[in-house]
Every structure is written in C-alpha cells, then in structure tokens.
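We have chain A already, so just place chain B on it with the hints.
For the record, the sequence lines run as chains A and B. Here our numbering is used: the first residue of the first sequence is 1, the next is one more, and so on. Here our numbering is used: the first residue of the second sequence is 1, the next is one more, and so on.
Just so you know, not all the hints are guaranteed correct.
To be verified - Chain B side only, calculated, beta carbon under 8 Å to chain A, not exhaustive:
{"hint": "1", "residue": "1"}
{"hint": "2", "residue": "2"}
{"hint": "3", "residue": "10"}
{"hint": "4", "residue": "23"}
{"hint": "5", "residue": "28"}
{"hint": "6", "residue": "36"}
{"hint": "7", "residue": "42"}
Because the hints were derived from the structure by calculation, they are not lab data. Bear in mind the structure is a predicted one, so any value in this text is a computation, not a measurement. Backbone N, C-alpha and C fix where the C-beta goes; we use that ideal spot for every residue, glycine too.
In case you want the letters, here they are:
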Amino acid sequence: MTSTKIESSSAAAPAPIGTGSRGTKVLGATALFFLVLAVAYGLFISPADSQLGNTVRIIYMHVPTVMAAYVAFLITALSSAMYLWKRTEFWDLLGSSGAEIGVLFFAVTIVDGALWGKVTWGVFWRWEPRLTTSAVLLIMYIGYLAVRAIPADPKTRATRCAIIGLVAVVNIPIVHKAVDWWRGLHQGKTVLGTIHPDMGGTQLFAMYSALIAGLLVCAWLFVHRFRAGFLAERASELGLDQALEERRLESSPAAPSSRGARDDLGGPQT
Amino acid sequence: MTETLCIVGAWVVTFGSVGSYAAVVILRGRRLSQTVPPEQRRWM
Numbered sequence: 001m002t003s004t005k006i007e008s009s010s011a012a013a014p015a016p017i018g019t020g021s022r023g024t025k026v027l028g029a030t031a032l033f034f035l036v037l038a039v040a041y042g043l044f045i046s047p048a049d050s051q052l053g054n055t056v057r058i059i060y061m062h063v064p065t066v067m068a069a070y071v072a073f074l075i076t077a078l079s080s081a082m083y084l085w086k087r088t089e090f091w092d093l094l095g096s097s098g099a100e101i102g103v104l105f106f107a108v109t110i111v112d113g114a115l116w117g118k119v120t121w122g123v124f125w126r127w128e129p130r131l132t133t134s135a136v137l138l139i140m141y142i143g144y145l146a147v148r149a150i151p152a153d154p155k156t157r158a159t160r161c162a163i164i165g166l167v168a169v170v171n172i173p174i175v176h177k178a179v180d181w182w183r184g185l186h187q188g189k190t191v192l193g194t195i196h197p198d199m200g201g202t203q204l205f206a207m208y209s210a211l212i213a214g215l216l217v218c219a220w221l222f223v224h225r226f227r228a229g230f231l232a233e234r235a236s237e238l239g240l241d242q243a244l245e246e247r248r249l250e251s252s253p254a255a256p257s258s259r260g261a262r263d264d265l266g267g268p269q270t
Numbered sequence: 001m002t003e004t005l006c007i008v009g010a011w012v013v014t015f016g017s018v019g020s021y022a023a024v025v026i027l028r029g030r031r032l033s034q035t036v037p038p039e040q041r042r043w044m
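One chain only, chain A, in its complex shape (with noise of 0.2 Å):
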C-alpha cells in the first residue's frame, strides 16, 4: 500500500533516490581530486623527510583523519547545545551524524598512530599523555553512540546524547595540548599545531592537499549520514503508524480476519 502511494505521488515530480543531491555531487568530485593529489604527492611525489624520513607519508594520513574528527566533535557539541535550546531533530540529527563521522576518523587516528610509532618507537602503544588523553577521547565517544543506541524516547535519548556531546568536547583541548602541559613521546612543536614547520614545497603540498581531501570527504559523509538519519526517522514514524492503523483495524469489530487468524493459533477464546 504505502509503495504504491509512494509511486503515485513520485510521477509528478521525481525524487531522488537515496541521500545523493547536486551538491554532494560536486562536494564528492572536488574530494576525490584533492585524494587524487594526496595520494600522488603522498605516496610518490614529495620526498622522504629528513628526520622521519619515509614515515612522513604515514602523517600525510594521520594529520587530516585527526583534523576531520576534531570538526566532527566541535559540530556534535555545537549541535548539542543548540538541541539544548532549541529542542528540534535538526540539532539532534546533525549531533548523531558528527559523533558517528567523527570517532570513524578518530579510531583510524589512532591505528594511524599506533602503525607511525611501530616504526618510529618500535612499539604500537605507549601510555604517554598525548596518546591516554586520546583512548579517552575515543572511548567518550564510542559512549556517546552506546547512550544513542539505547532504546528509549527520541526526546530523552537526544537529551542525554546533547549533554554527553558537551562534556566529551572538553577533552579536545587537553588532547591536543597534552603535548605541551606534560613530557611523552608524541611531536610536539608543530607549524598550526599540525604540521611539521621543517616542511616545504611538495611536502608542504601534499599535507595540504591530504587536509582539504580529508575535510572535504568528511563534509560530503556529514550531508550523506545526515540525510539517511533523517530518512530513518521519517522511516520510524511511518512504520510507527502502519502497525497502529493494524492493532486499531485488528482490535475493531468488522475485524473477523484477524480473529479468524487468533482462533487457528489457538489463541484463548473470548
């Protein structure tokens, strides 16, 4: 039933399939143009550092992963404050999206990491403050999905979620001054914060070019993971309705179908 009408109405003006638009089309192209720079320049243009030497490409990688999941998590505690004040599912969708975008690129961070230190340090983990304040910071967001996947109602589970999203957010700062407040092993001086400041010409260029494709593809995953969380909301509140229209059609008296049904269950008979 609910096809057909989608069918129907869908004649006149067509709809897009799936979560795809114009603009993610454009914003997807101009991604994979700068991947295709960074990849080029990342891994054979730009020559090996003189003192990391062939693991800077490891860092052509780890910079805009890590770079991509601070934005996500400022625009998951932005959102959270604003559901907060506002109370609407735009804040609440855009909240989720940010917090799911962002510990993908915060985990792939960390194995990023784990993978420069092997070489670097000889070992994949080290509790030093740069890296411990970092579990934190991923766990408190795993936790944030975890609270998200609770059942309960959507107006207190976006409630919990705004108030997790505000206090995980204040783990980022110590993240990245941690380098700076106690001594470890991770770099410290760094040109932004982030890039190394011995670094020029192509290397200079691939960072860049590995930056923007990061943000770029993290902006374009937003728009997507936004479109398919609104999707499943309207999806939730159509299914909702079905199976009420269903209990009212069953518990109603010109329902003998679905009595008829009961008895050859075996059902108690009333």
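For chain B alone, kept in the frame of chain A given last:
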C-alpha cells in the same frame, strides 16, 4: 620491510575504513529512501 608495511597499512586502513563507512551510509540511504514518500526526501 616493517616501515613499508606500516606506511602501506596506514593508507589502506584510512581509505578502507572511510570508504567502507561511506558505502554503508550510501546503501542505507538508498534502502531507506524506498520506504519514505518523495515529498519527505527532497534535498536542497
């Protein structure tokens, strides 16, 4: 050898994870859009 493996591994992990997640989100969106009326999925 370890260095090369770690460099390639980092790029594979990054592209593999983000690419897989993107595929999941796109497919989920396509599946969900079949169940939602067109007037509720008109993007800008």
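Verification of the hints:
{"no.": "1", "hint": "1", "in the structure": "violated (11 Å)"}
{"no.": "2", "hint": "2", "in the structure": "holds (6 Å)"}
{"no.": "3", "hint": "10", "in the structure": "holds (4 Å)"}
{"no.": "4", "hint": "23", "in the structure": "violated (11 Å)"}
{"no.": "5", "hint": "28", "in the structure": "holds (5 Å)"}
{"no.": "6", "hint": "36", "in the structure": "holds (5 Å)"}
{"no.": "7", "hint": "42", "in the structure": "holds (6 Å)"}
In the structure shown, a violation is registered for the earlier hints numbered 1 and 4, in ascending order.
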